[in-house]
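Listed here are the chains, written in short residue letters.
2 protein chains.
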Amino acid sequence: MTYRAPVRDLIFTLTEVAGLDAVAATGAFPDFDADLTGAVLEAAAQFSEGVLAPLNRVGDQKGSLYANGAVTAAPGFADAYRQFAEGGWTGLSAPTHAGGQQLPKALELAAYETVHAANMAFGLCPMLSLAAIEALEAVGTEAQKTTYLTKLVSGEWTGAMVLTEPQAGSDLGALTATAVPNGDGTYSLTGQKIFVTWGDHDATDNIVHMVLARLPDAPPGPKGISLFLASKYRVKPDGSLGERNAFRPVGVEHKLGIHASPTCVMAYEGATAELVGQPNQGLAHMFVMMNAARLAVGVEGVGIAERAYQQALDYARERRQGRSVWTGEANAPIIDHPDVRRALSVMKAKIAAARALCLSTGVAADLAKHAATDEERRRWKSREDLFTPLAKAWSTDVGCDVASMGVQVHGGMGFIEETGAAQYYRDARIAPIYEGTNGIQAMDLVGRKLGQDGGQAARDLIADMKATLALLPRLYSGKPLERFATAIEAVQDATFWLLDRKAAADGAADVLAGADAYLTLMGDVVGGWMLAKGALAARATLDAGEGDPAWLEGRIALYEVYAANVLGHASSRLAAVGQGGDLLQRMSPDVLAG
Amino acid sequence: MTYRAPVRDLIFTLTEVAGLDAVAATGAFPDFDADLTGAVLEAAAQFSEGVLAPLNRVGDQKGSLYANGAVTAAPGFADAYRQFAEGGWTGLSAPTHAGGQQLPKALELAAYETVHAANMAFGLCPMLSLAAIEALEAVGTEAQKTTYLTKLVSGEWTGAMVLTEPQAGSDLGALTATAVPNGDGTYSLTGQKIFVTWGDHDATDNIVHMVLARLPDAPPGPKGISLFLASKYRVKPDGSLGERNAFRPVGVEHKLGIHASPTCVMAYEGATAELVGQPNQGLAHMFVMMNAARLAVGVEGVGIAERAYQQALDYARERRQGRSVWTGEANAPIIDHPDVRRALSVMKAKIAAARALCLSTGVAADLAKHAATDEERRRWKSREDLFTPLAKAWSTDVGCDVASMGVQVHGGMGFIEETGAAQYYRDARIAPIYEGTNGIQAMDLVGRKLGQDGGQAARDLIADMKATLALLPRLYSGKPLERFATAIEAVQDATFWLLDRKAAADGAADVLAGADAYLTLMGDVVGGWMLAKGALAARATLDAGEGDPAWLEGRIALYEVYAANVLGHASSRLAAVGQGGDLLQRMSPDVLAG
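Heads up: the protein sequence lines correspond to chains A and B, in order. If you're matching positions, the first sequence starts at 1 in this note's numbering and goes up one per residue. If you're matching positions, the second sequence starts at 1001 in this note's numbering and goes up one per residue.
Just so you know, the hints here were simulated from the structure itself, not pulled from any lab data. Backbone N, C-alpha and C fix where the C-beta goes; we use that ideal spot for every residue, glycine too. Any given hint might turn out to be false.
Claimed, not checked - Footprint (simulated), chain A over chain B, 3 or more residues, beta carbon under 8 Å:
| # | region |
| --- | --- |
| 1 | 1315-1328 |
| 2 | 1415-1427 |
| 3 | 1433-1446 |
| 4 | 1555-1562 |
Said to hold, decoys possible - Ranges between beta-carbon positions, derived for each pair:
| # | chain 1 | residue 1 | chain 2 | residue 2 | range |
| --- | --- | --- | --- | --- | --- |
| 5 | B | Leu1481 | A | Ala503 | 48 to 56 Å |
| 6 | A | Pro166 | B | Glu1376 | 55 to 63 Å |
| 7 | B | Gln1456 | A | Arg448 | 48 to 56 Å |
| 8 | A | Asp35 | B | Asn1331 | 49 to 57 Å |
| 9 | B | Ala1143 | A | Gln61 | 44 to 52 Å |
| 10 | B | Glu1376 | A | Arg474 | 52 to 60 Å |
| 11 | B | Val1250 | A | Arg57 | 50 to 58 Å |
In isolation and in its complexed conformation, chain A is listed as follows (with noise of 0.2 Å):
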């Protein structure tokens, strides 16, 4: 039951696949080097291996209480945030201006693999506390950056986004809630809000809520929304804390899974909050937020899919039943037997892919903001745009598929609760689901991100993919090799015939109705990109004498696992890309309930 944090896995994959490197080549980071990789990622699988992951199940059990309009954490949860903010986890991409480490973002995400594997709900925490800090650090005024900034850098606060309200969930134009000036400055917050994450709790002295609101003269729908940013306690001028602020949780949910994470129903009764950014433009700040929160939340599906995939790895070395046809062995260990091996290497594989798309994401997003010229930015920024909504659902997908998995390796016993297999799977499966389902992932996807500079960002893609796979020959031939180049033909064929819909005046709806197909597609296909990626490096480590051979060899045959499991489907999600809008018109509501 223990968690290992994959440190190997994870230096391998930011140095030599997502390209880590040319990060630390632009000088924007300037205390980091490659030593520190390693010595970062030691620290904090260290701290998740041993402080977080051993919380987790005390946390599911118990999870977090709500009594008389207030939260008190899960057990031993506000202790182990304490001693993470000491560490100086809160503050890893931050700047040093305001107390942070000024890192990359690539490598905080890797950290945070660790975090969210050891414990999801823990994890969801500090999470959104980076989320606020990125809107702060982007739109927040000077004094803002000094009252409120530097605090949830150090993790002395934590900050919550809230958005959600019953009726605006994915359509947050809808929403309703109000800020009225005071005239001071300050504005007047009310209304109710729901699925606020770690929106009260006991573990920090204050809670830095960013909220969504409209101002009183705004327009309606999305354009009339403003971000607001309202403390649980007032701040004095000396930076001290005040008289609580007129917002409360009125109560938590009942969830599936993440039980230590508490989300609240919050109530803003004239709360005190400040403008943050430009009135009206609140939807497009909290995308900030939401970016960087999406892409932290595939660094979830990664990380819940490792914790599932070890304990079926374990479970599978230990447990025996029936003879190997490999070893001939009669009471075998269940690894032993080629199904369960199967299911395991598919598991790893697409573990392994899904943790390059994000952490290449991450690199994107680094050297978006800090790579040498305007057109390596702007370069880099598509990638990061194209790859976020990928890393967010098709990750997540990939936890919930691993996780499910992870059950079934331990047949009877991973029903059973006590086991821990099952937690995996009932926590996992939020993830495909906040920060925007997987559907507006696919949407953003194929309606956004494919059709900015009439698809360049996908045509760029492509056309790296296409030099990888130039490479490949080096490693495979026959089958493992056609699979990519077919694979990446599907990707194109796909992507044009989208950008074709999307040119046509009738084509909305032949769009979305291939969006998840798309996305999948898209996921498939990159995914099996990263590992050939981390083949040939693999390759080339061996070829020059260095490395764990045994391991590096393991590398290369989990790229053909992932050929023969993964990359073989691509061409078929063509199919459902391309049904078209037409079908489902005809399967309509009465037909569906027919």
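The hints should help you fit chain B onto chain A, whose structure is shown.
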């Protein structure tokens, strides 16, 4: 939250797809005719909707209770069970000589789909009685039939299957429970068993345990296992209940789902038992029960998927978010967004395919017993054998998949337990595990079923599918037609490759490495065949000017949805079928742990 039994779908599937008429034509079911199908299903619908569905939530929340060596069923369950038995639902397919109604198995399965959908935890109780009935009917003595079978058929007592021990799950050959002759024809049964579904409860006065154990002189392994019957209370010669037998539950498992189904740890401490069937033939006898139970579990998958689908459909029709690209409505029901419509359409198509697969397996089972000639019975038996692992595994995968999509359609509300979608997701997860994991089903398919008569069953199936393909141009052209043709070819290629590898001295690991993918391929394609047959029948009914045109047109669209979203994947599964054992061996335990 209400459940509406899909009576029209069930009747259509039984009569137009599965071929229930051929069962009626055998004359083996004297009281059965087409009118009775509707009457039985309407009555089942009424009971499932009115009595069982309302208990589903409380069963999940309260669960069954273990205390002081006895299990109390969840609130309301004991009373519901007694009504169920009084309604005659435990004896639908049992022979009239035992007090049953001697109706076709296929009709019983259709009726039970509504039971499992309404309340999966409840349905397990009669499902296991039906399995015990099958075994006693097949190999019980006349005295056993008189004493036990009639009480199981009437539902006055329930049955339990008692197989698993901690060290003997998938490999029952490792079990160690013993049965020592008492010298009076009875045996003294000793051992500890786990995963005994409804092993104890307070819904009936007595419970009949069908237990696998070893005789003192039995050979080791699977050939030394015998089947015993142990009754919770001794039965006196006059049929009344005597003293309590020496076995008892020592606990119930705390599970991910089906909380109202008590999963017992049972201790047998010199319990008095009778031998059922022949000594050392226990596994063969148990497989009579097991095969029926496997098909019934497939139907559970269909039922839980239907329930999850209905709730998601209701939510999608009520929940409003964002502008519809079809209707232009600003705050449209989410069913009018193409991606949600796609999800619901795919869910419906998969359910229809799984339902038809299971009911066709039921028809094959009926005809395997009752068709006119030896040759026909042999042929139907082969079809039943081939379809049973498909029905079990593919349908339960559909159950999990659809339940997960149901959560997703709900967005954030899906993760909240009060919504109900999460319960289906949790409940559904057991079905791929019990009665032989889906991995075991895949091994059964490629190991035993495929090889019978040199693959004749698969060849017959392929020929039948080609016959339907030849009719399909009446309805479809282009892609929907091509996809079925390609899919059949994929089944053919995969089958021949596997038969080849089976024949090779070094092929065993290759066959097992491809087992899971082959089962999925077969299920996907057979499912498509089922929907194609349904579409052809719908067209014929339309052409005859009969039926509800909109509903029948819906059946025609349903195949197209399936063709684009599921059948399209068939050929790509070949990659995984043929991945080979060598590749998986390269993914050694060390590589997997590295």
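Cross-check of the supplied hints:
With 6 residues bearing a CB less than 8 Å from a CB of chain A, the region 1315-1328 of chain B meets the requirement of three and the coverage assertion stands. Counting residues of the region 1415-1427 of chain B whose CB falls under 8 Å from any CB of chain A gives 7; the rule of at least 3 is met. Counting residues of the region 1433-1446 of chain B whose C-beta lies closer than 8 Å to any C-beta of chain A gives 7; at least three are required, and the coverage claim holds. Beta-carbon proximity to chain A at under 8 Å applies to 4 residues in the region 1555-1562 of chain B; the threshold of 3 is reached and the given coverage holds.
At roughly 29 Å, the beta carbons of Leu1481 of chain B and Ala503 of chain A sit outside the given window of 48 to 56 Å. One distance hint, 55 to 63 Å for the beta-carbon pair Pro166 of chain A and Glu1376 of chain B, holds here, with the actual separation near 60 Å. Checking the proposed 48 to 56 Å range against Gln1456 of chain B and Arg448 of chain A shows it holds: the Cβ atoms sit about 55 Å from each other. Range check, Asp35 of chain A to Asn1331 of chain B: Cβ separation about 55 Å, and the 49 to 57 Å hint holds.
A hinted range of 44 to 52 Å for the beta carbons of Ala1143 of chain B and Gln61 of chain A is consistent with their spacing of about 50 Å. At about 58 Å, the beta-carbon gap between Glu1376 of chain B and Arg474 of chain A stays in the expected band of 52 to 60 Å. Take Val1250 of chain B and Arg57 of chain A: their Cβ atoms lie about 24 Å apart, and the range 50 to 58 Å is violated.
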